[in-house]
Amino acid sequence: MNKSKYMNPYLAGLLLGLVLLAAMYLSRRGLGASGGIKYAMVAMVGTVDKQHAMESSYYSKYFENGENPLKNWLALEVLGMVLGGFISGALSHRLKFKIEKSPKISNVKRLTFAFVGGAFFVYGAQLARGCTSGAALSGMAVLSVAGFVTMMAIFGSAYIFAWFFRKLWI
Amino acid sequence: MGPLSVLSEFPEWINLLIAFAIGIGFGFALEQAGFSSSRKLAGMFYGYDTTVLKVFFTAAIVALAGSQLLSFFGLLDLSQVFVNPYYVKASILGGIIMGAGFIMGGYCPGTSISALSIGKIDGMVFLLGGLFGAFLFAETYPVIQSLANGSYKGALQINEWLGVTPGVFTLLLILAAVLLFWVAELAEKKFSRPDITSDL
Chain A
15 MNKSKYMNPY LAGLLLGLVL LAAMYLSRRG LGASGGIKYA MVAMVGTVDK QHAMESSYYS
75 KYFENGENPL KNWLALEVLG MVLGGFISGA LSHRLKFKIE KSPKISNVKR LTFAFVGGAF
135 FVYGAQLARG CTSGAALSGM AVLSVAGFVT MMAIFGSAYI FAWFFRKLWI
Chain B
100 MGPLSVLSEF PEWINLLIAF AIGIGFGFAL EQAGFSSSRK LAGMFYGYDT TVLKVFFTAA
160 IVALAGSQLL SFFGLLDLSQ VFVNPYYVKA SILGGIIMGA GFIMGGYCPG TSISALSIGK
220 IDGMVFLLGG LFGAFLFAET YPVIQSLANG SYKGALQINE WLGVTPGVFT LLLILAAVLL
280 FWVAELAEKK FSRPDITSDL
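Protein sequence lines, in the order shown, are assigned to chains A and B.
Here the first sequence is numbered in our numbering, starting from 15 and rising by one per residue.
Here the second sequence is numbered in our numbering, starting from 100 and rising by one per residue.
These are calculated hints, taken from the structure and not from any lab test.
Among the hints, a few may not be true.
Simulated coverage check for chain A against chain B, where a stretch passes if three residues somewhere in it have a Cβ under 8 Å from a Cβ of chain B [stated by the list, open to error]:
no.: 1; stretch: 21 to 31
no.: 2; stretch: 59 to 71
no.: 3; stretch: 103 to 110
no.: 4; stretch: 114 to 126
no.: 5; stretch: 144 to 156
None of these values were measured; they are calculated from a predicted model.
Positions of the beta carbon are idealized from the N, C-alpha and C atoms, including for glycine.
Produce the entire structure from the sequences given, and follow the hints as far as they go.
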């Protein structure tokens, strides 16, 4: 087994916890990921069809102040995440274009489920006002009931659905 | 005393610079933990790799205990830190939809960004799906609006709800985490899949 190439999980958890604590101390908020995806989507819709964006009660609130929706804490944090992940991958020699999947399934199947899974996840995250980072992890760190409930709903649901999708993974 | 952005009245660009720096740390920690690998993440739900639980709960208790300690010593005003509001139905239904997405796609949004940053094509496609999901939510918002904004409970905190102090709850969560770590270590032995884990 060649597991040692990743950081010890408890040490990585300590590091992640300190990053979250820094966000709370410096910017009085938690971490996020799905929010950054939302701002990217809102900016794209604003570029492609500005009229639709201004007429919709959903999009228009992101254009009210006249600024680009990407000039936003979460959007910049997500940009930083890409650089941070790249640095980590470079240091640990993991930079490589590849499709990661079980040898039992095809590339097309893996990528189809990746797309559908991404769509489900971010749709649910918009409904719950945050994903594993913004709702579950950051919510738990500030003792938010929403954080604990969302965490249990995500993992509980994934355990139940895991039985149906086991052929994708094992 | 923190939070610095409120109490020292940062201009917006400094706060955005902090966001970028925090993001670098966040992305670095996720990738080092192995969260750029979908098969490692999926291991959580079949028992062969429980890194998700160990990293997630360690991070939660470090940030929770750390912020409680900073508050106790008067270094952080926690009343200024954002507490996620609780919308009962939206949190539960949103969480269930997210769980289904997790096991189909193999990532969550943060970990898919981590995967993208080292070149995983499945991570990039997950993110494209994520953009589509956000678009779908925006376009279906008029229909789902009342569900999304219903059963609002405010920024309810779990210690209030249980009637204990934040310190007592923090201690209980640390004990629960230690118990979960022990179960996770047992699970990795019982559901061991060397054929998969040697690949990761």
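Can you confirm whether chain B covers the stretch 21 to 31 of chain A, using C-beta to C-beta distances below 8 Å and requiring at least three such residues?
This one holds; 9 residues, not fewer than the three required, reach chain B with a Cβ under 8 Å.
For the stretch 114 to 126 of chain A, does the count of residues with a C-beta closer than 8 Å to a C-beta of chain B reach 3?
holds (count 5)
Can you tell me if the stretch 59 to 71 of chain A counts as covered by chain B, using C-beta to C-beta distances under 8 Å and a minimum of three residues?
Since 3 is at least three, the answer is holds.
At a Cβ distance under 8 Å, does chain B reach at least three residues of the stretch 144 to 156 of chain A?
holds (count 13)
Confirm or reject the coverage of the stretch 103 to 110 of chain A by chain B under the rule of 3 or more residues with a beta carbon closer than 8 Å to the chain's beta carbons.
As far as the stretch 103 to 110 of chain A goes, the hint holds, because 5 residues have Cβ atoms under 8 Å from chain B.
Hint check: no violations occur; every hint is consistent with the structure.
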